[in-house]
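> Next come the chains, spelled out residue by residue.
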Amino acid sequence: MKLKGWKELTPGAVITEAGNAVQFKTGSWRSFKPVWIEENCIQCLFCWLYCPDMAIKVRDGKRAEFDYDYCKGCGICALECPGRKGNKAIIMVEEGK
Amino acid sequence: MRKLLTLKELSKKEILLSSGHRLCSGCGAPTVVKMVLLASDYPVIASNATGCLEVSSCISDYTAWKIPWIHNAFENAAATISGVETMYRSLKKQGKIDKEIKFIAFGGDGGTYDIGLQSLSGAMERGHDMLYICYDNEAYMNTGIQRSSATPYGADTTTRPAGSVIPGKTEQRKNLTRIMAAHNIPYVAQASPSHWMDLMKKVQKAWEIKGPKFMNIISPCNRGWRSRTDDAILLSRLAVETCHWPLYEIENGVTRITFKPKEKKPIVDFLKPQGRFKHLFSFENEWILKKLQEDIDREWKRLQKESSSEKEGGSSPS
Numbered sequence: 001m002k003l004k005g006w007k008e009l010t011p012g013a014v015i016t017e018a019g020n021a022v023q024f025k026t027g028s029w030r031s032f033k034p035v036w037i038e039e040n041c042i043q044c045l046f047c048w049l050y051c052p053d054m055a056i057k058v059r060d061g062k063r064a065e066f067d068y069d070y071c072k073g074c075g076i077c078a079l080e081c082p083g084r085k086g087n088k089a090i091i092m093v094e095e096g097k
Numbered sequence: 098m099r100k101l102l103t104l105k106e107l108s109k110k111e112i113l114l115s116s117g118h119r120l121c122s123g124c125g126a127p128t129v130v131k132m133v134l135l136a137s138d139y140p141v142i143a144s145n146a147t148g149c150l151e152v153s154s155c156i157s158d159y160t161a162w163k164i165p166w167i168h169n170a171f172e173n174a175a176a177t178i179s180g181v182e183t184m185y186r187s188l189k190k191q192g193k194i195d196k197e198i199k200f201i202a203f204g205g206d207g208g209t210y211d212i213g214l215q216s217l218s219g220a221m222e223r224g225h226d227m228l229y230i231c232y233d234n235e236a237y238m239n240t241g242i243q244r245s246s247a248t249p250y251g252a253d254t255t256t257r258p259a260g261s262v263i264p265g266k267t268e269q270r271k272n273l274t275r276i277m278a279a280h281n282i283p284y285v286a287q288a289s290p291s292h293w294m295d296l297m298k299k300v301q302k303a304w305e306i307k308g309p310k311f312m313n314i315i316s317p318c319n320r321g322w323r324s325r326t327d328d329a330i331l332l333s334r335l336a337v338e339t340c341h342w343p344l345y346e347i348e349n350g351v352t353r354i355t356f357k358p359k360e361k362k363p364i365v366d367f368l369k370p371q372g373r374f375k376h377l378f379s380f381e382n383e384w385i386l387k388k389l390q391e392d393i394d395r396e397w398k399r400l401q402k403e404s405s406s407e408k409e410g411g412s413s414p415s
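Listed in order, the protein sequences are those of chains C and D. Residues 1 to 97 (this note's numbering) are what the first sequence spells out, left to right. Residues 98 to 415 (this note's numbering) are what the second sequence spells out, left to right.
Isolated chain C (complex conformation) (with noise of 0.2 Å):
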């Protein structure tokens, strides 16, 4: 991600490329990870649903894998996961640990 000049820049700074803060990566910001445990997983979707940085990917109607260069480790996706017969799917576990 580069900063332009002003003289780079576009009348009245319009922005012509949609959706370019994916170019920001938003993943140092974390302290704790969110890590998925599969067979606990009962495919509800919820944590792709409530997760705020759009970092929980779906594929063909299944829940993928995190995307950790934008999770921002609030932890919403663990605290909402229903998971299977009371084992959570998603655990927080500290960063570097």
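Honestly, I wouldn't trust all of these hints.
[Said to hold, decoys possible] Pulled a few chain D residues facing chain C out of the computed Cβ check, cut under 8 Å:
#, residue
1, S115
2, S122
3, P127
4, T128
5, S157
6, D158
7, A161
8, W162
9, K163
10, V181
11, T326
[Unchecked claim] Looking from chain D toward chain C, a few residues come up when the C-beta cut is under 10 Å (computed):
#, residue
12, I112
13, S291
14, N319
Just so you know, these hints were derived from the structure itself, not from any lab. The structure displayed is predicted, hence computed values, not measured ones. By construction, the Cβ of each residue, glycine as well, lies at the ideal position given by its N, Cα and C atoms.
Please arrange chain D on chain C, whose structure you already have, making use of the hints.
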């Protein structure tokens, strides 16, 4: 037309707010926007009042929005989008555009309850075909947790700090949803991201109604509410279950409660996890807890009466 809402089906749609926005970890606002945009099957153009959502989703030449989006100023999100909507109607009349496009304005509680209220009121009165969405996090969070007219009684904010002189905010929060209903616009609703199906149904309903629509959506802020980063959805659910944030809609003047909690929880369940209400749990502030509970009970009773009396009346405008 309205489709059946399942997460499996919804997950096939592109989310029109991208990753890489700079809203805090665990913020409620992007989830609100995500749900609103997922529920919309039409092309959408949005305006945004100044606020957390605006400053963090569009920082210096980078935008998280995948829809046409315009920010003007703090006070005029509604006026701005009403101008865009008017231009659209003109272009349609001239035959230069034939697409069905929907218009939406996002504002926080500061930009809606306080600063943008007159432009919102004007846009609603002029009858623009638009939806205004207020994501209500109950204070000016962007500038550092100053009190707004949406801040609940007794909450600790940086401009009404709780201490030995005052027990936090000593003014009532205003009921904006009712103020908007008093504009006699076709659709007014209150929603919460914890009840996502209810929220999305309300958005879909709004799109099928011509004219001005208003939705007030609670959006927890862990920085300002002094809570954990992972409890945005939990707190919005507690707000609904304690009737701090009742879910209802007013369609053509007819009130309908869309979610009745099986068991109405005491308000302390909502207050307890939040640091901004910590001082209320001391002996000298006990009266505030009592007052808050009484206020909520009164409002919930009024709401129930309003919705049931209309049912008994049997005159439903079609």
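> Indicate, hint by hint, whether the structure satisfies it.
Taking the hints in turn, this is what the structure says about them:
1. S115: 4 Å, holds
2. S122: Hint on S122 (chain D): holds, closest Cβ of chain C at ~4 Å, below 8 Å.
3. P127: 4 Å, holds
4. T128: 5 Å, holds
5. S157: Holds - the Cβ of S157 (chain D) comes within 8 Å of chain C, reaching about 6 Å at its closest.
6. D158: 5 Å, holds
7. A161: Holds: closest Cβ of chain C sits about 4 Å from A161 (chain D), inside 8 Å.
8. W162: Status holds, d = 7 Å.
9. K163: Since the shortest Cβ distance to chain C is 4 Å, the answer is holds.
10. V181: 14 Å, violated
11. T326: Status holds, d = 4 Å.
12. I112: 5 Å, holds
13. S291: 9 Å, holds
14. N319: 8 Å, holds
Consistency with the previously given hints fails for number 10 only.
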